[in-house]
Amino acid sequence: MSDEVILEIEDLYINFYTKAGVVRAIDGVNMTIKKGETFGLVGESGCGKSVTANSIMGLVQSPPGKIEKGVINFETPKEIYARADQKKFGGKENPNAEMYRKDRIDILKLNKKDIRLIRGRAISMIFQEPMSALNPVFTAGDQIAEIILLHERKELAEAVLKKLEEGRKPAKKYKKATKKLGNKGEFLCSNCNSTVLNDQEICPQCGSSFVRNPGGKRLRFGYAFYKRVYTKMAADPYDRTLAIMAKIPIVRRYRRPMIKEANEKALRMLRLVRIPDPKNVMKSFPHELSGGMQQRVMIAIALSCRPQLLIADEPTTALDVTIQAQILKLIQELQEEMGTSVLMITHNLGIVAEVCDRVGVMYAGALVEMADTVSIFKEPLHPYTQGLMNSIPKVDLELTRLETIEGNVPNLIKPPSGCRFHTRCPYAMEYCKKEKPPLIEILPGHSVACHLYGGVDNG
Amino acid sequence: MTDGIKGNGKSSINSTPTPAVKPQIKKSKPSTFNYDRLMKELEPRIREAKSSFSLLRENITAMVGLAFVVFIVLVAIAAPLICPPGLGDPMDIPKDFKMPKPPGAEGHLLGTGNWGADMLYGLVWGARTSITTSLFVVLTGVIIGLVVGSIAGYYGGKVDNLMMRITDIFLSLPALILAMAIASILERNLQNMMLALIIVWWPPYARLIRAQVMSIKENTYVEAARAIGVKKSSILFKHIIPNSISPLIVSATMDIGAVVLVAAGLSYIGFGVNTGYAEWGRMISDGQQWFLTTVTYEDTKYIASWVVIFPGLAILIFAMGFSLLGDALRDILDPRLRR
Amino acid sequence: MRLLNYIIKRLLLLIPVLIGVSIIVFSLTRISGDPAAGYINEKMTPSQIEQVYEKYHFNEPVYQQYIYWLKGILEMDWGWSKTAALPVTDAIAVYFPATLELTIVSIMLAIFIGIYLGIGSAVKRNKPFDHTTRVVSLIGVSLPIFWLALILQFIFAFYYDVLPFGGRLDDFYYIQKLIPDITGLILVDSLLIGDLKMFFNGLEHILLPAVTLSFGTIAIVTRIMRNSMLEVLSLDYIKTARAKGLNERSIIWKHARKNAMIPTTTVIGLSFGGLLTGAVLTESIYQWPGLGQWSATSIRLFDYNSVLGFCLLIAVIYVLVNLVVDIMYAYLDPRVRLE
Chain A
1 MSDEVILEIE
11 DLYINFYTKA
21 GVVRAIDGVN
31 MTIKKGETFG
41 LVGESGCGKS
51 VTANSIMGLV
61 QSPPGKIEKG
71 VINFETPKEI
81 YARADQKKFG
91 GKENPNAEMY
101 RKDRIDILKL
111 NKKDIRLIRG
121 RAISMIFQEP
131 MSALNPVFTA
141 GDQIAEIILL
151 HERKELAEAV
161 LKKLEEGRKP
171 AKKYKKATKK
181 LGNKGEFLCS
191 NCNSTVLNDQ
201 EICPQCGSSF
211 VRNPGGKRLR
221 FGYAFYKRVY
231 TKMAADPYDR
241 TLAIMAKIPI
251 VRRYRRPMIK
261 EANEKALRML
271 RLVRIPDPKN
281 VMKSFPHELS
291 GGMQQRVMIA
301 IALSCRPQLL
311 IADEPTTALD
321 VTIQAQILKL
331 IQELQEEMGT
341 SVLMITHNLG
351 IVAEVCDRVG
361 VMYAGALVEM
371 ADTVSIFKEP
381 LHPYTQGLMN
391 SIPKVDLELT
401 RLETIEGNVP
411 NLIKPPSGCR
421 FHTRCPYAME
431 YCKKEKPPLI
441 EILPGHSVAC
451 HLYGGVDNG
Chain Y
1 MTDGIKGNGK
11 SSINSTPTPA
21 VKPQIKKSKP
31 STFNYDRLMK
41 ELEPRIREAK
51 SSFSLLRENI
61 TAMVGLAFVV
71 FIVLVAIAAP
81 LICPPGLGDP
91 MDIPKDFKMP
101 KPPGAEGHLL
111 GTGNWGADML
121 YGLVWGARTS
131 ITTSLFVVLT
141 GVIIGLVVGS
151 IAGYYGGKVD
161 NLMMRITDIF
171 LSLPALILAM
181 AIASILERNL
191 QNMMLALIIV
201 WWPPYARLIR
211 AQVMSIKENT
221 YVEAARAIGV
231 KKSSILFKHI
241 IPNSISPLIV
251 SATMDIGAVV
261 LVAAGLSYIG
271 FGVNTGYAEW
281 GRMISDGQQW
291 FLTTVTYEDT
301 KYIASWVVIF
311 PGLAILIFAM
321 GFSLLGDALR
331 DILDPRLRR
Chain C
1 MRLLNYIIKR
11 LLLLIPVLIG
21 VSIIVFSLTR
31 ISGDPAAGYI
41 NEKMTPSQIE
51 QVYEKYHFNE
61 PVYQQYIYWL
71 KGILEMDWGW
81 SKTAALPVTD
91 AIAVYFPATL
101 ELTIVSIMLA
111 IFIGIYLGIG
121 SAVKRNKPFD
131 HTTRVVSLIG
141 VSLPIFWLAL
151 ILQFIFAFYY
161 DVLPFGGRLD
171 DFYYIQKLIP
181 DITGLILVDS
191 LLIGDLKMFF
201 NGLEHILLPA
211 VTLSFGTIAI
221 VTRIMRNSML
231 EVLSLDYIKT
241 ARAKGLNERS
251 IIWKHARKNA
261 MIPTTTVIGL
271 SFGGLLTGAV
281 LTESIYQWPG
291 LGQWSATSIR
301 LFDYNSVLGF
311 CLLIAVIYVL
321 VNLVVDIMYA
331 YLDPRVRLE
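Chains as they are written, first to last, in this note's numbering: chain A, 1 to 459; chain Y, 1 to 339; chain C, 1 to 339.
None of these hints come from the bench; they were simulated from the model. Errors might be hidden in some of the hints.
[Stated by the list, open to error] Derived DSS-like pairs (lysine-lysine); straight-line CA-CA distance at most 25 Å:
| hint | chain 1 | residue 1 | chain 2 | residue 2 |
| --- | --- | --- | --- | --- |
| 1 | A | 19 | C | 239 |
| 2 | A | 283 | C | 258 |
| 3 | C | 254 | A | 112 |
| 4 | A | 260 | C | 254 |
| 5 | C | 127 | A | 247 |
| 6 | C | 127 | A | 66 |
| 7 | C | 127 | C | 9 |
| 8 | Y | 217 | Y | 238 |
| 9 | C | 9 | A | 113 |
| 10 | A | 113 | A | 163 |
| 11 | A | 265 | C | 254 |
| 12 | C | 9 | A | 154 |
| 13 | A | 112 | A | 69 |
| 14 | A | 35 | A | 109 |
| 15 | A | 112 | C | 127 |
| 16 | A | 109 | A | 163 |
| 17 | A | 112 | C | 124 |
| 18 | A | 113 | C | 127 |
| 19 | A | 260 | A | 163 |
| 20 | A | 283 | C | 254 |
| 21 | A | 227 | A | 247 |
| 22 | A | 19 | C | 254 |
| 23 | A | 19 | C | 124 |
| 24 | C | 9 | Y | 158 |
| 25 | Y | 232 | Y | 158 |
[To be verified] Chain Y stretches covered by chain C per the calculated footprint, using a threshold of three residues with CB under 8 Å from any CB of chain C:
| hint | segment |
| --- | --- |
| 26 | 175 to 183 |
| 27 | 204 to 218 |
| 28 | 243 to 251 |
| 29 | 308 to 315 |
| 30 | 320 to 328 |
Where a beta carbon is used, it is the ideal one built from N, C-alpha and C, also for glycine.
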């Protein structure tokens, strides 16, 4: 784990405008995630964890939600860099070019088109209920291949080109080689599929000097066509002409080799997430798989384009406990292999203890404490965190009653004034009702938002 | 100074309460008791209904639907006032046996149609026909369907199988076709047409109720009632049916509009009512021959389009009104669907 | 393989339903006066009539009659059609292609227009497009078909004179006997023989009837598609698709649409019955020489046999179409086949 920060949320405020009133869902969240670490975001249901995660991906529905204020800085992915250089249709420069060339980019300022470059590629997300998160009418393999086809066209195109080259050999050399092995018969022209006899050096039909083994792959459109198409794709994956061609019924088949490549990569991804019998799973529909397997498929989808950040929104809450352990272990291992950072959202402190390097505790729309896992458990500073830690039943303590935090989660339409926790806080002071405490780093690497620790004027 | 309420002024300490007081208490006690209990039971439902009505007010389409329906019902009820019938059958539209006259002609607000039948009269009394026909068909169909469906759904087993096979067979014939088949055999009058429609219309309700009953049957409160020892039939009537009625009400309301369409279609073809009868579909088929021809009235030529347009509009408004009303009812009766 | 088993199972379930349908139609034939009337035409001599009585065993008990009647049906002996002056089976063969053509064009219209309008309406929820579509949809379900036919005729054929009044082709073709008879479908045949003018003429003639016939179905399909899409678009897997970085277009037209089509296909199949019954009314108005017109005329002429023959045919088609729809449903929704 390095100290380099890849994601930084500053002063995020999000409101939801509903019929019942304005829900102040996110009220000043500050958070940082470092490269290669697992950051746990803990809190009760309704405290805003999912909303924060959604806002990182730009998935907050614009009515009724509105991002009032805030900045989410992310390490600029290379696709965005590339966009800066792309000219617009008339030859003009992209108006956001300057913004794109910086080291860090504010996700909240990206327009719809650009944010699609990040989703699934630089940042990806897995959800709580894998059964409903997968489309029931497409096979698992299709759904993994889909994201690969969307984001990794360049690599796919290059792979296809490579396979194209390997599939054909110049007639002279090939025949000489197979002559040795005793193949006396015919060969097939690589371009037009007509037979080329043993003693001919050029195809009689089209004059191509390349042949292939009759058992090899048949190209529908001819070698030259494919070569041109895929070189173009390797150069500019989202080329307009290719996109239009993809819509015309028969011409559309040019994509077949690419789809085949994507399927093979999907198979590799399934192996990566340790699914037994991946070939069968590729062809299965989501409802035919168990919960654990579905979640693995989701992880495969999320990680297939090697994102820098993986957001896991309560990935194991809907699974059995034993499967839970497997999935968490899988995420950990993959994270190490790929160097991805993980934002693990959960309400289960056990999971936090197991897998997270650093933890952020959220309450009623604000981040109240942020530190590394050990400190959070050993020395919780914020009263809410202390309450949480105290309420975990421990085997060795003899208690007659379980500890709880008094009161209820506040209504976010009319939240408490000042510090939102003051109504339940055992240490609440007068000042807490007036001013909302900012998140301040009290100890190195340990920040709290509480007036008990501030250098602010208080009673 | 005697307190009037206390009755005859005698003190009641030592003597037993006088008859004048006793019956008073007896009479008032049961009624207040029932009223209170009723109010308590209804209170949450009234609350729901109040919020539903405010929703309703916001919902323009529901208001429009309600307006249409109320309008038509009022017209139907007030038919004798708007268009006083002559001698003989009020359903027989008064005709002057001349060429059709355009709307605005003397004495004919909406003109006349085939055989000089007064359009307004036909529309107004036709409202009566349509409402009675639809209500009768739908109500009968609902009752039959309710009985068949609930028995089939609740008792299950062979009874269910048999009833569902029969229902399936009826369902596998398109409505108009079956109605046509039945109506063509029997004598051609209004009652037989309604009979044909009822036979066609009960299977969907049976299906609907059966599905509802089967799903409610599995609910825990039914099991609880059984455990206490409530009779099976009581459970059916008291618990299951009241809970399964709401989709039926919605369906029935919307079907009132649908029945009118089918009935009009049948009348148009020639079933049901005779020519000159106040029924909208019949009016259209009667008027069709005049539809694209030119008639002269007071030296001006008109294309007799009103003969067909007005009855059709009436059918349209009727069907639309009940459709919208059904939609609104669905929104009210199923609070979960409120988005 | 699983799909095949499902198909076979459904085909087997079909048989009792068809038997039930046949029993109903049979009982209707026996109620309608002299059952022999259906098999006798004017040209027969008394001895021939006696033969008919023998052949169909009219002198024997009812259940025997049923067996022989059923045998007759299966052997394609459906009796005599007064209206067509042909045996019923021949009459069907003659009139079937016209109705088939009309029905196919109507279904295609319903599918394409309905689905696109439904998706558009869902995506542009609560915007003007949505509101207009919903209003038009509502009107579409509440319109009597025959009225719509007359109105459309009035506007386009009479007032603006852009489209013909009826028939399948201009009289010119009938007089000159230029009509090909390869498939019986004029649109197809004219292309097969390469006569483009005839093709476009046929298109002109089929436009109004097809629009009339499909109007109600378009309305229903639009509504179902809209509701279905709205439901699907709020589901989790759409969120996943967004999180993958897909553009809105792919999400709507690939992910959402495929799921939303599932209930829509069922509805399309069910509305087939509505199309067939609507054909009865539509064809007579547009003088379209199909089964609908034949049966409408039969009704007017009290030709019970033709009417019942028509009903039997429609019932069988309807049952088969529903079977096809069920199979398609299993094909589209992978979750279903597990049954």
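Checked hints:
Of the supplied pair hints, the one linking residue 19 of chain A and residue 239 of chain C holds, its CA atoms being roughly 23 Å apart against a limit of 25 Å. In summary, the hint linking residue 283 of chain A to residue 258 of chain C is supported, as the alpha carbons are separated by about 18 Å, within the 25 Å threshold. Proximity of residue 254 of chain C to residue 112 of chain A is assessed by CA-CA distance (about 19 Å); at most 25 Å being required, the pair is judged to hold. With a CA separation close to 19 Å, the supplied pair residue 260 of chain A and residue 254 of chain C stays within the 25 Å bound.
For the suggested pair residue 127 of chain C and residue 247 of chain A, the alpha carbons sit about 29 Å apart, so the restraint of at most 25 Å is broken. Among the hinted pairs, residue 127 of chain C with residue 66 of chain A is consistent with the structure: their alpha-carbon atoms are about 20 Å apart, no more than 25 Å. Taking the CA atoms of residue 127 of chain C and residue 9 of chain C, the gap is about 46 Å. The hint is violated against a cut of 25 Å. Proposed proximity of residue 217 of chain Y and residue 238 of chain Y is supported: the alpha carbons are some 12 Å apart, at most 25 Å.
The straight-line distance between the Cα atoms of residue 9 of chain C and residue 113 of chain A is roughly 50 Å, outside the 25 Å bound, and the hint therefore fails. Taking the CA atoms of residue 113 of chain A and residue 163 of chain A, the gap is about 32 Å. The hint is violated against a cut of 25 Å. Distance hint between residue 265 of chain A and residue 254 of chain C is fulfilled; the C-alpha atoms sit about 22 Å from each other, no more than 25 Å. Annotation: proposed proximity of residue 9 of chain C to residue 154 of chain A is violated, straight-line Cα distance about 49 Å (limit 25 Å).
For the hint linking residue 112 of chain A to residue 69 of chain A, the alpha-carbon distance of about 18 Å falls within 25 Å, and the restraint holds. Distance check on the hinted pair: residue 35 of chain A and residue 109 of chain A sit about 22 Å apart at the alpha-carbon level, within 25 Å; holds. Of the supplied pair hints, the one linking residue 112 of chain A and residue 127 of chain C holds, its CA atoms being roughly 21 Å apart against a limit of 25 Å. With a CA separation close to 41 Å, the supplied pair residue 109 of chain A and residue 163 of chain A exceeds the 25 Å bound.
Distance restraint check for residue 112 of chain A and residue 124 of chain C: the Cα-Cα separation of roughly 18 Å lies within the 25 Å cut-off, and the hinted pair is therefore satisfied. Restraint check for residue 113 of chain A and residue 127 of chain C: the C-alpha separation of about 23 Å stays at or below 25 Å, so the hint holds. A hinted pair counts as satisfied when its Cα atoms are at most 25 Å apart, and residue 260 of chain A with residue 163 of chain A qualifies at roughly 11 Å. Taken as a hint, the residue 283 of chain A and residue 254 of chain C pair is honoured in the structure, with Cα atoms around 19 Å apart against an allowance of 25 Å.
A distance of roughly 20 Å separates the Cα atoms of residue 227 of chain A and residue 247 of chain A; the hinted pair therefore holds under the 25 Å criterion. The hinted pair formed by residue 19 of chain A and residue 254 of chain C fails the criterion: a straight-line CA distance of about 32 Å is larger than 25 Å. A C-alpha spacing of about 20 Å is found between residue 19 of chain A and residue 124 of chain C, which places the hinted pair at or below 25 Å, so the restraint holds. As the CA atoms of residue 9 of chain C and residue 158 of chain Y are separated by approximately 21 Å, the hinted pair is consistent with the 25 Å bound.
The hinted pair formed by residue 232 of chain Y and residue 158 of chain Y meets the criterion: a straight-line CA distance of about 17 Å does not exceed 25 Å. Coverage of the segment 175 to 183 of chain Y by chain C holds in this model, with 7 residues showing a Cβ closer than 8 Å to a Cβ of that chain against a need of three. Counting residues of the segment 204 to 218 of chain Y whose beta-carbon sits less than 8 Å from any beta-carbon of chain C gives 0, not enough to reach three: the coverage restraint is violated. Only residues whose C-beta sits within less than 8 Å of a C-beta in chain C count toward coverage, and the segment 243 to 251 of chain Y has 0 of them, not enough to reach three; the restraint is violated.
Counting residues of the segment 308 to 315 of chain Y whose CB lies closer than 8 Å to any CB of chain C gives 5, which reaches the minimum of 3, so the coverage claim holds. Judged by the Cβ-Cβ criterion of 8 Å, the segment 320 to 328 of chain Y is covered by chain C as claimed, because 3 of its residues qualify and three suffice.
Comparing the model with each numbered hint stated earlier shows that hints 5, 7, 9, 10, 12, 16, 22, 27, 28 do not hold.
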